[in-house]
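For the record, the sequence lines run as chains A and B. To convert, note that position 167 of the first sequence is 167 in the working numbering; the numbers rise steadily by one, no gaps. To convert, note that position 28 of the second sequence is 28 in the working numbering; the numbers rise steadily by one, no gaps.
It is worth saying that the hints were derived from the structure and are not from the lab. Computed from a predicted structure; not experimentally measured. The C-beta atom is built at its ideal place from N, Cα and C for all residues, glycine as well. Treat each hint with caution, since some may be false.
Said to hold, decoys possible - Here are some chain A residues the structure puts well away from chain B; computed CB gaps all over 12 Å:
id: 1; residue: 52
id: 2; residue: 104
id: 3; residue: 177
id: 4; residue: 192
id: 5; residue: 334
Said to hold, decoys possible - A few chain A residues that face chain B, going by a derived Cβ cut-off under 8 Å, partial list only:
id: 6; residue: 132
id: 7; residue: 186
id: 8; residue: 285
What the hints assert, rightly or not - Okay, the calculated beta carbon distance ranges per label pair:
id: 9; chain 1: A; residue 1: 324; chain 2: B; residue 2: 40; range: 31 to 37 Å
id: 10; chain 1: A; residue 1: 362; chain 2: B; residue 2: 65; range: 41 to 47 Å
id: 11; chain 1: B; residue 1: 38; chain 2: A; residue 2: 48; range: 46 to 52 Å
id: 12; chain 1: B; residue 1: 26; chain 2: A; residue 2: 183; range: 20 to 26 Å
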Amino acid sequence: MKRVRGLQCRECGREYPADPIHVCEYCFGPLEVAYDYDAIARLVSRASIAAGPRTLWRYRHLLPIEAEQVVDTHAGFTPLIRAENLGRALGLRNLYVKNDTVNPTFSFKDRPVAMAATKAREFGFDTLACASTGNLAGAVAAAAAKACMRACIFIPADLEPSKIVGASIYGPTVVAVEGTYDDVNRLCSEIADQYAWAFANINMRPYYSEGSKTLAFEVAEQLGWRVPDRVVVPVASGSMFTKIWRGFNELAKVGLVDQARVRMTVAQAEGCAPIVEAFRRHTLSVEPVKPHTIAKSLAIGNPADGYYSLRIVKESGGQAEAATDAEVVEGMRLLARTEGIFAETAGGVTVAVLQKLVEAGKVDRDELVVAYITGNGLKTPEAVAGHLERPLTIPPSFKRFEEQIAAVGLKRQTGAPAATSVA
Amino acid sequence: MGRQRVKFTFPPDLVNQPVVYLMGKQFGVVTNIRRANVTRDRGWMILEITGPSDEIEKAIAWARGQGVRVDPIEGDVVAG
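If we strip away everything but chain A, and leave its shape as in the complex, we get (with noise of 0.2 Å):
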């Protein structure tokens, strides 16, 4: 029997064959996979996932792949980590962090990429292509090369330079498009039209989203097959917050968790965040803005599942916050100085706005709290390199050390105790 029925429109529900489209033809809706969820219930066992790689594709049969050779650039199955020290900086009792700076373009876009790549290569495309500001186009690259097609990336003509060598090193050709954002987003969105190309978030929108939904899964798996009691995480267009929900809905579906009761909370930056003002005026309307904050990889003024996202805020009890800039670096530093990980600027983006819930009393204390960490620090360090204490500069001189030494003293770490375990 087939796990995967088609497509169905979000919108008005119309059913399509699982072909490379992304919106339905009669409403314009977006197109999301459809499942048989009793046939991947037979499918699938703890034991069975349990038995599979140690990478995402151990949860294949929750994935719209129908071929034996996937694109595998080992993605997934990161290490989810009980933050004590992190914890009780926050004065939570119950916190772990989901640490997806480790995969292999070092951020989570290596799992929605590995499904767009798989599938592009099952509906027969030689060319991968995508338009990013940083993490997807890195992402998309590494796929291509590993899959052996060509890639496009195309990028805003005033990207750093520093952001385009992330992706140029895996060989695509790089699009520099000159003109302001919207414009690159418009003509992207006909290029994706006009070509036989398979667009990661475009055409191959519908696949490449559902990557997302396995980091639900891993966080259920690593702690012993049960869902968190609340989950924070980044959002940019929503498209990962809503499969995250998605995840562990389909887990409670074909009974590998008992239920799928976790309040879903978005955090956004202060200077893009039209998800969290519609929460604010208690609205599902999300209102475009321009965005201007340091969290570029959040910097999606119109996000297209921002509607959907407000609708699992509101039907989960979760929250949506807002974090400035200031405290973006203060949430980097903390997650560095009390957990030893560097996170990109959406790293900060998730501490901070858990620090400002819990302060607000919005956060249960005992609440097991797992807070998703997406991006490597080393992706965005100007973000905190004029926020951190130069070093001690000393001549190659014992004396000069012990000097030096005596009079700053050595910094205590913010995390008090360490002994950390790993769930």
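Start from chain A and add chain B according to the hints.
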């Protein structure tokens, strides 16, 4: 003939204006609204615009000049 599928977002001062009608009247394009949500003070519309490509471009530029925000129906496709 060309075709563009776009999302129009109207600011409060344009909500009660016949922008889509005027666009169709002034340019050689056909507008087909597929989904919309318009309230007293704000609104959005997902529509298909068909016609000669240069007319579509002129029509969209005009709408933008009126103060309408025009986006791809996919939302922002440039990801971080």
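Next item on the list: Starting from the hint list further up, note which numbers the structure goes against and sort them upward.
Entry: 3, 4
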